[in-house]
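Chemist: Assemble the whole structure, with the sequences as input and the hints as a guide.
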Amino acid sequence: MKLFPCLKVLVSTEQLLSLVEGNKFPVRSGIIDILKLITVDSKFCNGVKEDQCKSLILMSRELHYLLTTVAGDFECGYALSRNLTVEKARVIMKDLLSADSSFKMEDFDTVFKHSLTLFKKHPKWGVKCLYLPEGTSALASSPSQIEYISALEATQAAKSLWCRIRLSIASTVTKILIMLAVGLLLFLLFLFVKYWKKRREGQEKLFYEMVEKVIDILRDSGESSLGDSLSGSCKAVVNVRDALIPPKDRKAKLWLWDRVVSFIEENESRVSVEYQKINGEDFKVWRWNPSTTTENEGTKQGKVWQGQAFCSLGKGKNAAYTPTPCLKIRNMFDPEVEYGDDWQVSIRDAILEKCEGNNGIIHIAFDTTTNNEGCVFMLCNSLEAAGKAYNDLHGWWFDGKLVTVKYLKLSRYLERFPEAEQCTQPLKPSNNKRLSMSTPFFSSALERS
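First residue of the sequence shown: 4, per our numbering; consecutive thereafter.
Just so you know, the hints here were simulated from the structure itself, not pulled from any lab data.
Fair warning: this is a prediction, and the values are worked out from it, not measured in the lab.
Check the hints yourself; a few may be wrong.
In silico PhoX-like cross-links for lysine-lysine, where the CA-CA straight-line distance does not exceed 25 Å [what the hints assert, rightly or not]:
no.: 1; residue 1: LYS208; residue 2: LYS280
no.: 2; residue 1: LYS97; residue 2: LYS107
no.: 3; residue 1: LYS208; residue 2: LYS251
no.: 4; residue 1: LYS127; residue 2: LYS200
no.: 5; residue 1: LYS436; residue 2: LYS357
no.: 6; residue 1: LYS107; residue 2: LYS123
no.: 7; residue 1: LYS431; residue 2: LYS357
no.: 8; residue 1: LYS97; residue 2: LYS52
no.: 9; residue 1: LYS357; residue 2: LYS412
no.: 10; residue 1: LYS52; residue 2: LYS116
no.: 11; residue 1: LYS404; residue 2: LYS208
no.: 12; residue 1: LYS97; residue 2: LYS131
no.: 13; residue 1: LYS91; residue 2: LYS127
no.: 14; residue 1: LYS306; residue 2: LYS409
no.: 15; residue 1: LYS216; residue 2: LYS306
no.: 16; residue 1: LYS331; residue 2: LYS431
no.: 17; residue 1: LYS431; residue 2: LYS306
no.: 18; residue 1: LYS208; residue 2: LYS97
no.: 19; residue 1: LYS436; residue 2: LYS409
no.: 20; residue 1: LYS254; residue 2: LYS306
no.: 21; residue 1: LYS431; residue 2: LYS404
no.: 22; residue 1: LYS124; residue 2: LYS52
Estimated spans, in silico, between C-beta atoms of each pair [unchecked claim]:
no.: 23; residue 1: THR427; residue 2: VAL176; range: 50 to 60 Å
no.: 24; residue 1: GLN159; residue 2: LEU188; range: 32 to 42 Å
no.: 25; residue 1: ASP344; residue 2: MET182; range: 39 to 49 Å
no.: 26; residue 1: THR175; residue 2: ASP252; range: 47 to 57 Å
no.: 27; residue 1: ASN362; residue 2: LEU259; range: 40 to 50 Å
no.: 28; residue 1: TRP346; residue 2: GLY283; range: 43 to 53 Å
no.: 29; residue 1: PHE190; residue 2: TRP346; range: 29 to 39 Å
no.: 30; residue 1: GLY343; residue 2: LEU413; range: 30 to 40 Å
no.: 31; residue 1: GLU226; residue 2: TYR278; range: 15 to 25 Å
no.: 32; residue 1: CYS79; residue 2: PRO126; range: 23 to 33 Å
Positions of the beta carbon are idealized from the N, C-alpha and C atoms, including for glycine.
Modeler: Shown next, in the form of structure tokens:
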């Protein structure tokens, strides 16, 4: 028989009993040894004759080893089924035990049947009795009679060393592949989120640029038609769209234009919506409602310094105490409405123009992520220069917002902006136009009272 070549050579009945009594039988790695669970003087042999007890112990042991070997062959891929039918087990055990002269073959059927009874009564031995009545293929509940047992299955498997190594390698490789797949999935998710955020930022930038272009067109139209306010200050919405979006891009940018129209009509107070008949057809038009002259001039000239909110030490003078050369300047901009590539340059120029004559400013950085305070950070090459910048900026109105300044520890500044440690050259404005200083200073209602 070549069905189970992994079975060990049977020991004699006398050797088996001596091992049982001395509890010296070797334990198979990871497999329940039923000889550890029974003793000769226990109730193990109840139901059989005394001279059949030795055969019963031998039968139970070898049948248990047979089933664990079958289970091991199944897990290693050498067999198609994990269980063994009772009839096959009977044939195999008869062939194996017939080679042992001490085993009485005339007692085989009685001993084999009693072995099944023992396996049924002792589930902890690691053998399941399968009941497959005719017409069903599922595991049935245990009936009372042994004759209904159709197959036997070991809950533990006896595998060879090579099989264990192969299964361990396969399990390790599978886990590594799963980890790599999860890592790749997370990496792709990271790339997708990064792409989505970049795409969204690009859409927001394009949106605000389009809004500004529409407002510029309406403002120019309104200012060029002051003498004909009935018609010249109105622009058909479709005409504005055609002026800004080429025909080939209109379908692709329809979402952008719809969003711009909705934003202007809901949030721009200087634009009103009307319907006029043009060439016999009704069109929706935008009318530009001009603001005051002062506001228009301020808008044209961009962000400007508008005067002091409260009295300070005066331009160019030092504070009584300057603890650090680093400054944190609040309310210089609104990160939610700034757009374009040069708005930081205009803010930087406004600060340098306000601190005109101070040649100690060597680094300026912007904070556009942590909050909406519009913070600008400044590093000077001396305490004296920092004190002058503090007096030039603190308590002034800029673009309708009150600017406040406080000192910041040098260690925290360099921790956040390590590149500032390499800066030594004084900063200068990008041009000589002094645009932020080009209008008279603003006076608040409190100052005028």
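Chemist: Now, for every hint given, state plainly whether the structure supports it.
Modeler: Going down the list of hints, with the structure as the test:
1. LYS208 - LYS280: Violated. LYS208 to LYS280 sits at ~34 Å, over the 25 Å cutoff.
2. LYS97 - LYS107: holds, 11 Å
3. LYS208 - LYS251: With a Cα-Cα distance of about 21 Å, the restraint between LYS208 and LYS251 holds, given a limit of 25 Å.
4. LYS127 - LYS200: Roughly 60 Å between the alpha carbons, so the hint for LYS127 and LYS200 is violated.
5. LYS436 - LYS357: holds, 13 Å
6. LYS107 - LYS123: holds, 24 Å
7. LYS431 - LYS357: Cα-Cα ~11 Å, so holds.
8. LYS97 - LYS52: holds, 20 Å
9. LYS357 - LYS412: holds, 23 Å
10. LYS52 - LYS116: holds, 14 Å
11. LYS404 - LYS208: holds, 23 Å
12. LYS97 - LYS131: The hint holds at about 21 Å.
13. LYS91 - LYS127: At roughly 23 Å apart (the allowed maximum being 25 Å), LYS127 and LYS91 satisfy the hint.
14. LYS306 - LYS409: Holds - the C-alpha atoms of LYS409 and LYS306 are around 22 Å apart, at most 25 Å.
15. LYS216 - LYS306: holds, 18 Å
16. LYS331 - LYS431: holds, 19 Å
17. LYS431 - LYS306: Since the Cα atoms of LYS431 and LYS306 sit roughly 18 Å apart, the hinted pair holds (cutoff 25 Å).
18. LYS208 - LYS97: At roughly 86 Å apart (the allowed maximum being 25 Å), LYS97 and LYS208 break the hint.
19. LYS436 - LYS409: violated, 28 Å
20. LYS254 - LYS306: Cα-Cα ~36 Å, so violated.
21. LYS431 - LYS404: holds, 24 Å
22. LYS124 - LYS52: Status holds; Cα separation ~19 Å.
23. THR427 - VAL176: 50 to 60 Å: Because 57 Å falls inside the window, the suggested range holds.
24. GLN159 - LEU188: 32 to 42 Å: Once the Cβ atoms are compared, 36 Å apart, the range 32 to 42 Å for LEU188 and GLN159 holds.
25. ASP344 - MET182: 39 to 49 Å: Cβ of ASP344 to Cβ of MET182: about 42 Å, so the range 39 to 49 Å holds.
26. THR175 - ASP252: 47 to 57 Å: Given range 47 to 57 Å: holds, Cβ gap about 55 Å.
27. ASN362 - LEU259: 40 to 50 Å: Given a distance of about 46 Å, which is inside 40 to 50 Å, the answer is holds.
28. TRP346 - GLY283: 43 to 53 Å: holds, 45 Å
29. PHE190 - TRP346: 29 to 39 Å: holds, 34 Å
30. GLY343 - LEU413: 30 to 40 Å: holds, 32 Å
31. GLU226 - TYR278: 15 to 25 Å: Once the Cβ atoms are compared, 23 Å apart, the range 15 to 25 Å for TYR278 and GLU226 holds.
32. CYS79 - PRO126: 23 to 33 Å: holds, 25 Å
When the structure is compared with the earlier hints, violations turn up for hints 1, 4, 18, 19 and 20 and for no others.
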